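> Given next are the chains, with one letter for each unit.
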Amino acid sequence: MSVDPTLNGSSTNGSSTNGSSTNGLSTEGSGTEGSGTASKSAAAIDRAKAQGRAALICYIPAGYPDVQTTIDAGIALARNGADLIEIGIPYSDPVMDGAVIQAATTEAIANGFRVSSIFDIVAGITAATDAAVLVMTYWNPVLRLGVDEFSRRLAAAGGAGLITPDLIPEEASQWLEASQKYGLDRVFLVAPSSTPERLARTVEASRGFVYAVSIMGVTGTRTAVSSTAESLVVNTRAAGAARVCVGLGVSNAEQVREIAGYADGVIVGTALVAALRDGGVPALAELTTDLSSGLRPAGTEAH
Amino acid sequence: MATTPAASPQDHPADAFLSGATSPAGGTSTNPSAGSVTGAGSFRHAAGPYFGSYGGRWMPESLIAALDELEETFEKAKVDPEFLAQIADLNKNYSGRPSLLTEAKRFSAHAGGARIFLKREDLNHTGSHKINNVLGQALLAKRMGKTRVIAETGAGQHGVASATAAALLGLECVVYMGAEDCRRQALNVARMQLLGATVVPVTNGSQTLKDAINEALRDWVANVDSTHYLLGTAAGAHPFPAMVRFFHEVIGEEARGQILEQTGRLPDAVCACIGGGSNAIGIFHGFLDDASVRLYGFEAGGDGVETGRHAATITLGRPGVLHGARSYLMQDEDGQTVESHSISAGLDYPGVGPEHAYLADIGRVSYEPITDAEAMEAFQLLCRTEGIIPAIESAHALAGAIKVGQRLTADQADPAETIIVVNLSGRGDKDVETAAAWFDLIDAETAAEAVAEAVIRAADTAADAASNSAPNAAEANQWNGK
Ligand SMILES: Cc1ncc(COP(=O)(O)O)c(C=O)c1O
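Protein chains in written order, with the working numbering: chain A, 2 to 304; chain B, 196 to 677.
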């Protein structure tokens, strides 16, 4: 069950000094909130929660095959059940991605994708939908543009924040500062290998939600959701997280249903990219509708 | 993990140091076990994770636990007399250390008459300095209870060294190698297979070294419980840069002792080539605190730095993060890694180890590019004047030494007063085909065909000899997402 208030409260956030524990729309951790802007990601997850379900978080790469398609695809995701949208910046060295996403991002770069178009994409989607739009990016493109400049433009485009697969809180001081300044969410990852101390540190640094990787591995579809995912969610909550979403390897409604049973959100990537690759935006929309059917615990389907 | 960089690049402590001040504000020293000059104020034994503002851990969270485990194991091992004795024994009785320091008396005439001494890492078992690092890391892998090692390789030297260490210590070994490099270095693929390793051609991205590293990292994320990633250079996330340097420090320690013994004094300059920077940091380390010794790192200038086809990372790159560390990086305006180019596969990498980035910023080491043509000229010179065929990587250091020798002797009455040590990081057996084609001794296609035939024969032999290589290959392909 994803909405048990005793698990989602901030009872372990004993060090909270800014009152964030009374407000569901604030940071994951306790000590780092400063901006008055509420978390867009947290709000989107809480809207789903209020409907008695987990949130659906859908990933597509930017510029695949072109910028306009990404905007159209993002809007289609939102209209067919995605609560949060994750737009990936194609990068030359994507070490956390498997073959399908690598192929798509390599093609996007070959088609001339430029990092600055990410802001047009985010603005295009946020103008047309209510979904929270996050950017998933390896860190070097952000560093190259400048962490502050990137954050400023993302916020101006209506973006919710960043998911950062190769950035750990220890290296994130510039990002902590910029995200604070512009009111952006900091979605760090936790893994089955994370120690309790690291979970606590990562939860503390996060804002919006914490991304729990379901398995030790890279993106790609898996036939079964590993049992480590559920215990990771439990441990991450125990470390103080108010919202934990699970990703890596999720590809169908059945897996979505399983994860929605214990997490606050379910993240799908590779399967959507394959659908976009094989059948364009219509196929993407169809799969999203199907995936969203798994969000309610079995027996509570509603329309 | 420490959080505060030791010194800002703007301080240029080396300037003060080189002009006679006593206290360089370099990396901190924490290693009590080795070296002659340690303690505060030393450039030696910098422990990481940061070298100035470089280094760190820009890595997926999934791998942090493994990096912590490695760091802990390494920190214990490097002060454990038993471990140090194991390393010393393998260095002596397996690799053949100490490697010689050979004066290149006829080559010297081309370097302005300066006396040139070659640190003969080419004479090590497997033919390069790479063996120093792989033996150390393979021992650490065993200490951690890992049964499998993975490695990336460009030219195949590190892959061959890794396969060798794995065979010696009974570890399973999988080597990731760009498909393009597999083709260019077919004989080394066969060597690795003969040693019982599985070679996985990497077909994504630019199909070269950086993509092989990406693929090895993906493997590591998925198999970290059983697997150690045996990174081949002094780059990557902490603790790799400081750890790989530690295993190569023996080069500089030996060289310093040998040059003192042979000439009675310290050299004026030490030259090394820079791929990721492991052979260079290993030899530099012995001389970092000797203010009178100038240190030079030579990067691959490819077709010339003005052509854009090169691997001169420090010369032309800008700071960024790649493969786990902040350092100089060849990147475009968007932060995408730019492909590097060099005739030398071992230098063909768009990044560089973070300690070099720091040493460049503070001015303790000078980094300069050497073009393919300059390197090949030096390659031929060494063959003909000394009877030594160098690795093309090492030929970059030789070409640099020619320039440095000419510069340092320019206004000297007796050029033989100038002494230069060159790290001859490897031998050129692997490069005979490339060199023969460069000098038009054989036409490239005939050579490629001959090699392909040899490889097919070698691979057949390997397949017969190692009955377990087939399942490994199938598994490797699966990890590779094929
Ligand atoms: C003989 C030789 N020298 C130098 C290098 C460059 O590596 P590094 O800069 O780490 O010493 C290589 C890499 O393959 C090599 O094989």
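Do not rely on the hints blindly, as some may be mistaken.
What the hints assert, rightly or not - Straight-line Cα separation of at most 25 Å, DMTMM-like style, residue types lysine to aspartate or glutamate; simulated pairs:
hint: 1; chain 1: B; residue 1: K271; chain 2: A; residue 2: E198
hint: 2; chain 1: A; residue 1: K182; chain 2: A; residue 2: E150
hint: 3; chain 1: B; residue 1: K287; chain 2: B; residue 2: E448
hint: 4; chain 1: B; residue 1: K271; chain 2: A; residue 2: E171
hint: 5; chain 1: B; residue 1: K300; chain 2: B; residue 2: D529
hint: 6; chain 1: B; residue 1: K271; chain 2: B; residue 2: D529
hint: 7; chain 1: B; residue 1: K300; chain 2: B; residue 2: D606
hint: 8; chain 1: A; residue 1: K182; chain 2: B; residue 2: D529
hint: 9; chain 1: B; residue 1: K598; chain 2: B; residue 2: E572
In short, the hints are calculated from the structure, not lab data.
Predicted, not measured: the structure shown is a model, and the values here were computed from it.
> Compare the structure with each hint and give your call.
Now for the hints, and whether the structure bears them out:
no.: 1; hint: K271/B to E198/A; result: holds, 22 Å
no.: 2; hint: K182/A to E150/A; result: holds, 11 Å
no.: 3; hint: K287/B to E448/B; result: holds, 14 Å
no.: 4; hint: K271/B to E171/A; result: holds, 23 Å
no.: 5; hint: K300/B to D529/B; result: violated, 49 Å
no.: 6; hint: K271/B to D529/B; result: violated, 41 Å
no.: 7; hint: K300/B to D606/B; result: holds, 21 Å
no.: 8; hint: K182/A to D529/B; result: holds, 23 Å
no.: 9; hint: K598/B to E572/B; result: holds, 12 Å
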